[in-house]
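Q: These protein sequence lines are chains X and L, in that order.
Quick note on our numbering: the first sequence kicks off at 382 and runs consecutively.
Quick note on our numbering: the second sequence kicks off at 10 and runs consecutively.
Each hint should be verified, as a subset may be incorrect.
[As the list claims (entries may be wrong)] DEER-style ranges, computed between Cβ atoms:
| # | chain 1 | residue 1 | chain 2 | residue 2 | range |
| --- | --- | --- | --- | --- | --- |
| 1 | L | Thr83 | X | Ser406 | 30 to 40 Å |
| 2 | L | Lys51 | X | Thr505 | 42 to 52 Å |
| 3 | X | Thr398 | L | Ser86 | 41 to 51 Å |
| 4 | L | Lys51 | X | Thr391 | 13 to 23 Å |
| 5 | X | Pro395 | L | Thr72 | 19 to 29 Å |
| 6 | L | Thr40 | X | Ser507 | 19 to 29 Å |
[As the list claims (entries may be wrong)] Think about it this way: if two alpha-carbon atoms lie no more than 30 Å apart in a straight line, the pair counts; the simulated DSSO-like pairs of lysine-lysine are:
| # | chain 1 | residue 1 | chain 2 | residue 2 |
| --- | --- | --- | --- | --- |
| 7 | X | Lys386 | L | Lys51 |
| 8 | X | Lys458 | L | Lys51 |
| 9 | X | Lys386 | L | Lys48 |
| 10 | L | Lys116 | L | Lys48 |
[Claimed, not checked] The following residues of chain L were derived to be distant from chain X, with all beta-carbon distances above 10 Å:
| # | residue |
| --- | --- |
| 11 | Ala22 |
| 12 | Arg27 |
| 13 | Thr29 |
| 14 | Lys51 |
| 15 | Leu55 |
| 16 | Arg70 |
| 17 | Ser76 |
| 18 | Ser86 |
Hints in this document: simulated from the structure, not taken from any laboratory.
Heads up, the beta-carbon is just placed ideally off N, CA and C, and yes, glycines get one too.
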Amino acid sequence: QITLKESGPTLVQPTQTLTLTCTFSGFSLSTTGVGVGWIRQPPGGALEFLALLYWSDDNRYSPSLRRRLTVTRDTSKSQVVLTMTNMGPVDTATYHCAHYWSGYYSPGRGNDAFDIWGRGTMVTVSS
Amino acid sequence: DIQMTQSPSSLSASVGDRVTITCRASQTIYTYLSWYQQKPGKAPNLLIYTVSTLQSGVPSRFTGSGSGTDFTLTISSLQPEDSATYYCQQSYSASITFGPGTRLEIK
Chain X
382 QITLKESGPT
392 LVQPTQTLTL
402 TCTFSGFSLS
412 TTGVGVGWIR
422 QPPGGALEFL
432 ALLYWSDDNR
442 YSPSLRRRLT
452 VTRDTSKSQV
462 VLTMTNMGPV
472 DTATYHCAHY
482 WSGYYSPGRG
492 NDAFDIWGRG
502 TMVTVSS
Chain L
10 DIQMTQSPSS
20 LSASVGDRVT
30 ITCRASQTIY
40 TYLSWYQQKP
50 GKAPNLLIYT
60 VSTLQSGVPS
70 RFTGSGSGTD
80 FTLTISSLQP
90 EDSATYYCQQ
100 SYSASITFGP
110 GTRLEIK
């Protein structure tokens with residue numbers, strides 16, 4: 382059974398850096414085609430893709446947020462870490478991590494979708 | 010970026026109705042199109058991937074179709090538990106994008 386859980390601060394000061402951790406189980410980030418993505422959702426708003434880290438350490442970022450984002454992994458702990466710099470009030474949102482499996486790299490197995498999501502963690506940016 | 014649009018932005022329908030939600034991409038995304046259902050306070054739930062493949066455990070009343078830039082999600086016989094917001098998502102481009110969502114209400 383695949384599970385993911387986000388953790389990190391609930392309140393961040395403007396201009397600070399946000400660090401969120403996604404701890405997962407039930408799959409390996411060493412499996413070809415597998416990735417862990419980050420998606421956020423402001424209160425009452427739509428889903429917004431942030432970043433995706435692949436098994437190969439390749440990544441995909443939102444172009445509009447690319448300069449502020451970094452996604453890395455700690456293989457020994459089955460964790461993926463998202464860092465977002467220069468936080469502002471507009472970054473207030475629920476941040477989700479999710480399992481992704483590329484059908485391009487794993488034909489017949491991957492689905493090119495976020496098939497399992499964490500419950501999310503709410504982050505408020507305020508002084 | 011590939012922009013995703015959805016229509017309608019919201020709709021209200023009765024139990025048993027056939028409901029269709031449309032998603033359009035700003036350029037071709039081939040079959041890299043997924044649909045999600047999200048209920049208030051919950052994480053999104055994958056319904057359909059690669060345009061028309063039903064995710065395991067999803068009721069067969071949900072179907073997806075389309076190609077290129079135009080896609081649809083159809084609920085053949087609306088049930089009370091289908092009240093939710095529905096999002097399409099493309100994963101063709103390097104930057105994944107979601108549609109703005111369609112809020113579905115049960116009359």
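Q: Each of the hints needs a verdict: does it hold here or not?
A: Structure-based check of all given hints:
At about 35 Å, the CB distance of Thr83 (chain L) to Ser406 (chain X) agrees with the hint of 30 to 40 Å. In this structure, Lys51 (chain L) and Thr505 (chain X) break the distance hint of 42 to 52 Å, their C-beta atoms being roughly 20 Å apart. One distance hint, 41 to 51 Å for the beta-carbon pair Thr398 (chain X) and Ser86 (chain L), holds here, with the actual separation near 49 Å. Taking 13 to 23 Å as the suggested C-beta distance range, the pair Lys51 (chain L) and Thr391 (chain X) conforms, at roughly 19 Å.
Look at Pro395 (chain X) against Thr72 (chain L): about 46 Å separates their beta carbons, and that is not inside 19 to 29 Å. Checked against the hint of 19 to 29 Å, the pair Thr40 (chain L) and Ser507 (chain X) fails, with Cβ atoms roughly 42 Å apart. Between Lys386 (chain X) and Lys51 (chain L) the alpha-carbon distance is near 13 Å, which keeps this suggested pair within the 30 Å criterion. Using a Cα cut-off of 30 Å, the hinted pair Lys458 (chain X) and Lys51 (chain L) holds, with the two alpha carbons roughly 26 Å apart.
For a cut-off of 30 Å, the pair hint linking Lys386 (chain X) to Lys48 (chain L) stands: about 19 Å separates their Cα positions. For the suggested pair Lys116 (chain L) and Lys48 (chain L), the alpha carbons sit about 17 Å apart, so the restraint of at most 30 Å is met. Its beta-carbon lying about 21 Å from the closest one in chain X, Ala22 (chain L) satisfies the requirement of being farther than 10 Å from that chain. At roughly 25 Å from the closest C-beta of chain X, the C-beta of Arg27 (chain L) stays outside 10 Å, upholding its exclusion from the interface.
At roughly 20 Å, the least C-beta separation between Thr29 (chain L) and chain X is larger than 10 Å, which holds for a residue marked as non-interface. Chain X draws Lys51 (chain L) into its interface by the beta-carbon criterion, the shortest separation being 8 Å against a cut-off of 10 Å. With a closest Cβ-Cβ approach of about 5 Å to chain X, Leu55 (chain L) is found to fall inside the 10 Å limit, against its non-interface label. Consistency note on Arg70 (chain L): stated as away from chain X, and its beta-carbon is indeed over 10 Å from all of that chain's, at 20 Å minimum.
With a cut of 10 Å on Cβ distances, Ser76 (chain L) stays outside the contact zone with chain X, its closest approach being about 15 Å. The Cβ of Ser86 (chain L) sits about 25 Å from the closest Cβ of chain X, beyond the 10 Å cut-off, so the non-interface label holds.
Of the numbered hints listed earlier, those contradicted by the structure are 2, 5, 6, 14 and 15.
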